Amino acid sequence: MPDLSIKISSLYLKNPVILASGTCGYGIELKDLIDLNSLGGLCLKGISLKPRPGNPPPRIHETASGLLNSIGLENVGIDRFISEKLPLLKDYDTCIIANILGDSAQQYIELAQRLDAHHDQIKAIELNLSCPNVKCGGIAFGTDPKLISQIITGVKKVTNLPVIAKLSPNVQDIVPIATACEESGADAISLINTLLGTAIDIFRKKPVFNNIFAGLSGPAIKPVALRFVWQASHAVKIPIIGIGGISKWEDAIEFFMAGATAIQIGTANFFNPSASVQIIQGIKGFMRKMGYKKIEDMRI
Amino acid sequence: MPDLSIKISSLYLKNPVILASGTCGYGIELKDLIDLNSLGGLCLKGISLKPRPGNPPPRIHETASGLLNSIGLENVGIDRFISEKLPLLKDYDTCIIANILGDSAQQYIELAQRLDAHHDQIKAIELNLSCPNVKCGGIAFGTDPKLISQIITGVKKVTNLPVIAKLSPNVQDIVPIATACEESGADAISLINTLLGTAIDIFRKKPVFNNIFAGLSGPAIKPVALRFVWQASHAVKIPIIGIGGISKWEDAIEFFMAGATAIQIGTANFFNPSASVQIIQGIKGFMRKMGYKKIEDMRI
Amino acid sequence: MEHFDVNALISSHIQLSQDIFLLQIHAPYIAFAAKPGQFCMIKVSGDANDPLLRRPLSIHRVHDGGFVSFLYKVIGKGTKCLSEYKAGEKLNVLGPLGNHFAIRPAEKVIIIGGGIGVAPLVFLAERIAFKHGTTVLLGFRNREDVCCVEDFEKLAARTLIATEDGSLGHKGLITDLLREEIMHNPDLPKYFYTCGPFGMQKAINNLIIEELGEKKAHLEVSLEARMACGIGVCMSCVTQARDGDYLHVCKDGPVFNAKKILWK
Amino acid sequence: MEHFDVNALISSHIQLSQDIFLLQIHAPYIAFAAKPGQFCMIKVSGDANDPLLRRPLSIHRVHDGGFVSFLYKVIGKGTKCLSEYKAGEKLNVLGPLGNHFAIRPAEKVIIIGGGIGVAPLVFLAERIAFKHGTTVLLGFRNREDVCCVEDFEKLAARTLIATEDGSLGHKGLITDLLREEIMHNPDLPKYFYTCGPFGMQKAINNLIIEELGEKKAHLEVSLEARMACGIGVCMSCVTQARDGDYLHVCKDGPVFNAKKILWK
Ligand SMILES: Cc1cc2nc3c(=O)[nH]c(=O)nc-3n(C[C@H](O)[C@H](O)[C@H](O)COP(=O)(O)OP(=O)(O)OC[C@H]3O[C@@H](n4cnc5c(N)ncnc54)[C@H](O)[C@@H]3O)c2cc1C
Ligand SMILES: Cc1cc2nc3c(=O)[nH]c(=O)nc-3n(C[C@H](O)[C@H](O)[C@H](O)COP(=O)(O)OP(=O)(O)OC[C@H]3O[C@@H](n4cnc5c(N)ncnc54)[C@H](O)[C@@H]3O)c2cc1C
Ligand SMILES: Cc1cc2nc3c(=O)[nH]c(=O)nc-3n(C[C@H](O)[C@H](O)[C@H](O)COP(=O)(O)O)c2cc1C
Ligand SMILES: Cc1cc2nc3c(=O)[nH]c(=O)nc-3n(C[C@H](O)[C@H](O)[C@H](O)COP(=O)(O)O)c2cc1C
Ligand code: FES
Ligand code: FES
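Chains as they are written, first to last, in our numbering: chain A, 172 to 471; chain B, 172 to 471; chain C, 4 to 267; chain D, 4 to 267.
The hints are simulated quantities; they were obtained by calculation from the structure and are not laboratory data. Where hints are given, some of them may not hold.
[Unchecked claim] Straight-line Cα separation of at most 25 angstroms, PhoX-like style, residue types lysine-lysine; simulated pairs:
1) LYS93(C) - LYS80(C)
2) LYS419(A) - LYS76(D)
3) LYS80(C) - LYS83(D)
4) LYS262(D) - LYS219(D)
5) LYS83(C) - LYS80(D)
6) LYS376(B) - LYS254(D)
7) LYS221(A) - LYS254(C)
8) LYS254(D) - LYS221(B)
9) LYS294(A) - LYS327(A)
10) LYS80(D) - LYS460(A)
11) LYS219(C) - LYS76(C)
12) LYS419(A) - LYS80(C)
13) LYS376(A) - LYS202(A)
14) LYS185(B) - LYS376(A)
15) LYS89(C) - LYS93(D)
16) LYS419(A) - LYS455(A)
17) LYS76(C) - LYS157(C)
18) LYS408(A) - LYS377(B)
19) LYS80(D) - LYS193(D)
20) LYS327(B) - LYS294(B)
21) LYS377(B) - LYS185(B)
22) LYS80(D) - LYS377(B)
23) LYS317(A) - LYS256(A)
All values reported here derive from a predicted model rather than from experimental measurement.
Bound conformation, chain A alone:
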């Protein structure tokens, strides 16, 4: 019987399948459709200090095997997250990961501090580092190793929870960035966030999205995500959580072989709410058939 459990620093997951931030809401919405207890983890919708209304519609646009989104990080804010959303997950036995975002390093630190007080329920903090840094003219944190180090070091000071740095793929070379994460104490790296893309409404002669650019996700981006995971996992020793276009168990195996310790399912939840559960079953079946005992045995 294969053992699907994995460890990411102090974090124990019964299996390596996590729902990706922004694609499973606050978790509870899925309770009718899948057994939340069967999941390795749930990475909840990105949370900011203040509530964010998000962007005006349209917020999504379908592309070939992909999805462009410009949700604008709509969320209820940390206060309502703690008072209204977290309690709903009390009785579930899955690892809850909070995903946070800020305009400045200080905001990430403050959010981490607030969440740390709820370490009975929250088992790890994922830093969404693909947000534009307001102080530095809107450049995404995720492209600057120095800024990333600053955030991670600051966050590590205020919490003992494992800290996962979620990286943007819109960079030339992931290696210096992954290395900066490792050196500044991140417990794991998750990647990729969405690829920057755009679409034009040809009949209105203007970009589909108000912000012009949007984030591309879904099966279309899997080959690119897998490449980033390979590159990062060959550059650092901390665990990598692979994300990007995973919709079948075969995809998950590819990520494990490329060096991922765990994976997250994003867009697939939309078109197949049972994807995560089917993927867990599929991983188990493949490991049994091929004689793999642990997830890490699959690493090339």
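Based on these hints, arrange chains B, C and D with the ligands on the given structure of chain A.
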């Protein structure tokens, strides 16, 4: 009646639809399937000084709405290109663009010089700048504005043919690179080349490709390509040739609106050899219906 | 709200006109739980990834034996794909989703449908009209687009039709019918339901407020939005509320009190 | 080599066994131009992009009236998609592509097919066996996989079968049949044709060289490779030649003189 013709410096194209390098062989192979005379241009398979055998199989792998390729730039070399391939296109009335690649700036310059002698047939030279630079430890030329400038300046010295710089999308910011092209005298920029990706053969537990990484093309990458075209066309004044996932006329219009002066059709030629011809018809129909007179009128 | 993700057998699939199709599936769980105004998310490309997302379609009717039907118009890639499915094949269907119309006494309601927006209104009329009669106003572009008239008539509903080109019924807009209905009917019903294009629903809302005043205008509208998940997790399906907030059409709707909506 | 990209009507599509299908299309241009050993590239996802590429299938037979048939095995996503097409629907088909088997006098040839590799050999036998008889050796994994036997027998071919599990014909490999044929047949035919898995064709090549020597071994093999275009423009379909060069299966092949191939 809309006028589909465009100009790229001294280059006149009867319409803005060009077949992309590496996806139309040496052109002549397509003569049974499409009327080559109806095309704006033909960008032939990338040519090097010496013949290149290419990579061992497998060389392609299908992904969701995409194609990974690791052809390894197989080509007959400049000598046979000139003696055997070019003559076959003599009687066609379409704009022939030669695509060249080298290990060093010197090689690009030498190739351009050789091709310049055939300016009766060759109407422009496209520099494939996504090749690894052997002298600089294999970093792609396309990621370094200084190297790019060096190549373009050198090439411009040896030929009067319009020079098109074909850029790699595997960079964080296309703006400094596009600007470097413009400043060093490139007549146009074409983008994007393929996105770096990979795939794993899970039953053999190894990467599908010998070189691990391969280039992703096809409809999957269209949103990313369109984003690069938008960014580049808002940064420089020289014409942009949009490439990436174009398979329908609607796609082409999106690229024109995003700022492209012309477009290239790549992977679509494989699954629909008539794509280019259908796209030309579709562009014409759309312009007529919407009252656009020139391609540039569509620019947002 | 309980919902189910089922792999349902297509029991029939009929082309009603050039671009309108009637699809019936066997999905007992959904049929049993469904309420008028709710919708389903349908995977139209089998195991393939293109088109990627499910498509939202209102529940048109439910039938004895656990059958659910959808009435839809082919407008793009996804609905085209769906139209190619044949009876005997299977479809992934997630539902019932969203909130629903409030059920009111039949003599007090007017149902107003525009174009393919009539789809959910038959189910509503069935639930409402049971033992009663209802007034139904339907607007279409032309004769070709007209559908569901017999469905409403079978329910003994008083069914009035407007077409823009006058090829059937009143020549003009549905608001013409509605204005007349309001003006010539002293014994005015209190509750209005609509489904159809945003512009049409906006015009109806304006007309009702104009004629009856804010206070007496009870209008439930069914809105559309681009949806990725249909279950409230992706935040993609927003429409703007009058108070400036965003409403999520898949969860807070698709049925809304017209007063809550920013009709811009 | 002339080829055509046609939108062909499916005239019939029959499931022969668990995973083997016989597809017939109406494509007069292709039918007329086709030679045994050539193949077509078939778009299996209509206008959708997933699966993206066309799939190569050998021309199984051509029929009077401009019909072309394909015999294929469902092995993955693309062939699964193809199998879902119904008679009356249309398919984009590009062909005929590649080179072809050389036609030799029937009494001098042996045709050897393995598994679904028999597909192009029926067409070959038809062209060769016209007025003559041919020896055909067929190897399969088991009884379930056996196909085309009657096709060959109808052509008055001497058809011998081997199955790995012995569920039909000789129990063992096709090379057993071939060795026997060579050993017990003093009046040996000079030309061999094969199509099937690479390993099988390699074994056949080895056996023939072993038994007859390099000089007398005239073997034409039909190879497979992953193809994007099928027409020689993408350079994806290479197989290695004995002299170290790469051969392009879609243009230089799919039929090769076995001596040219690096049998690694
Ligand atoms: C709650 C709800 C109920 C609906 N009920 C019905 C019904 O009963 N019958 C019917 O014919 N139509 C109904 N629609 C509209 C239907 O969902 C769209 O016509 C359909 O999604 C179009 O898909 P397409 O791929 O053919 O079009 P495309 O334009 O190619 O679609 C592109 C993308 O935009 C989305 N989209 C396009 N039009 C709409 C739209 N009007 N609403 C929401 N998303 C859209 C698609 O889902 C897809 O993601 C309903 C929509 C919603 C939100
Ligand atoms: C010249 C030629 C003629 C052929 N004739 C026949 C025939 O008559 N009958 C038949 O059943 N099969 C034939 N094949 C094999 C057939 O093309 C593959 O079985 C088919 O492409 C598998 O596609 P898939 O999507 O179902 O499988 P997947 O494994 O999902 O395909 C993934 C990718 O690999 C490629 N691929 C997978 N297997 C093969 C293969 N064996 N050869 C080439 N590409 C492959 C696919 O085309 C696709 O691009 C032929 C192949 C070639 C090259
Ligand atoms: C609608 C949507 C909303 C998302 N919101 C967030 C978010 O709030 N925080 C975050 O870190 N990532 C967010 N993401 C990114 C996903 O978590 C994931 O990294 C990305 O979609 C790639 O994975 P996929 O291809 O499996 O979807 C979002 C993605 C989508 C599609
Ligand atoms: C099989 C293949 C071979 C290619 N060879 C070349 C080449 O030799 N030179 C070059 O500049 N680009 C080459 N390209 C890149 C294409 O020209 C194009 O930039 C890329 O495929 C994106 O466009 P598409 O999505 O329309 O295919 C190749 C692409 C493919 C798929
Ligand atoms: S469609 Fe996902 S939240 Fe409404
Ligand atoms: S398949 Fe494209 S060259 Fe052979």
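Checked hints:
Between LYS93(C) and LYS80(C), the direct Cα distance comes to roughly 19 angstroms. Compliance with the 25 angstroms bound is thereby established for this hinted pair. Between LYS419(A) and LYS76(D) the CA atoms are separated by roughly 23 angstroms; this keeps the pair inside 25 angstroms, and the hint holds. Taken as a hint, the LYS80(C) and LYS83(D) pair is honoured in the structure, with Cα atoms around 21 angstroms apart against an allowance of 25 angstroms. Between LYS262(D) and LYS219(D), the direct Cα distance comes to roughly 11 angstroms. Compliance with the 25 angstroms bound is thereby established for this hinted pair.
Between LYS83(C) and LYS80(D) the CA atoms are separated by roughly 21 angstroms; this keeps the pair inside 25 angstroms, and the hint holds. As the CA atoms of LYS376(B) and LYS254(D) are separated by approximately 31 angstroms, the hinted pair breaks the 25 angstroms bound. Restraint check: the Cα-Cα separation between LYS221(A) and LYS254(C) comes to about 23 angstroms, which is no more than 25 angstroms; the hinted pair holds. Of the pairs offered as hints, the one joining LYS254(D) and LYS221(B) holds, with about 23 angstroms between alpha carbons and a cut-off of 25 angstroms not exceeded.
At most 25 angstroms may separate the alpha-carbon atoms for a hinted pair to count; LYS294(A) and LYS327(A) meet this at roughly 14 angstroms. Our distance criterion of 25 angstroms between C-alpha atoms is met by LYS80(D) and LYS460(A), whose separation comes to about 21 angstroms. As the CA atoms of LYS219(C) and LYS76(C) are separated by approximately 34 angstroms, the hinted pair breaks the 25 angstroms bound. For the hint linking LYS419(A) to LYS80(C), the alpha-carbon distance of about 24 angstroms falls within 25 angstroms, and the restraint holds.
Simply put, LYS376(A) and LYS202(A) have alpha-carbon atoms about 42 angstroms apart, too far for the 25 angstroms limit, and the pair is violated. A distance of roughly 24 angstroms separates the Cα atoms of LYS185(B) and LYS376(A); the hinted pair therefore holds under the 25 angstroms criterion. The straight-line distance between the Cα atoms of LYS89(C) and LYS93(D) is roughly 15 angstroms, inside the 25 angstroms bound, and the hint therefore holds. Note on LYS419(A) and LYS455(A): the hinted pairing holds, with a Cα-Cα distance of about 13 angstroms set against a maximum of 25 angstroms.
Among the hinted pairs, LYS76(C) with LYS157(C) is consistent with the structure: their alpha-carbon atoms are about 23 angstroms apart, no more than 25 angstroms. Between the alpha carbons of LYS408(A) and LYS377(B) the distance comes to roughly 20 angstroms, so the proposed pair stays at or under 25 angstroms and holds. For the proposed pair LYS80(D) and LYS193(D), the alpha carbon gap of about 40 angstroms is over 25 angstroms, so the pair is violated. In summary, the hint linking LYS327(B) to LYS294(B) is supported, as the alpha carbons are separated by about 14 angstroms, within the 25 angstroms threshold.
Distance hint between LYS377(B) and LYS185(B) is unfulfilled; the C-alpha atoms sit about 47 angstroms from each other, more than 25 angstroms. Between LYS80(D) and LYS377(B) the alpha-carbon distance is near 21 angstroms, which keeps this suggested pair within the 25 angstroms criterion. In summary, the hint linking LYS317(A) to LYS256(A) is not supported, as the alpha carbons are separated by about 33 angstroms, beyond the 25 angstroms threshold.
Violated hints, in rising order: 6, 11, 13, 19, 21, 23; the structure is consistent with all others.
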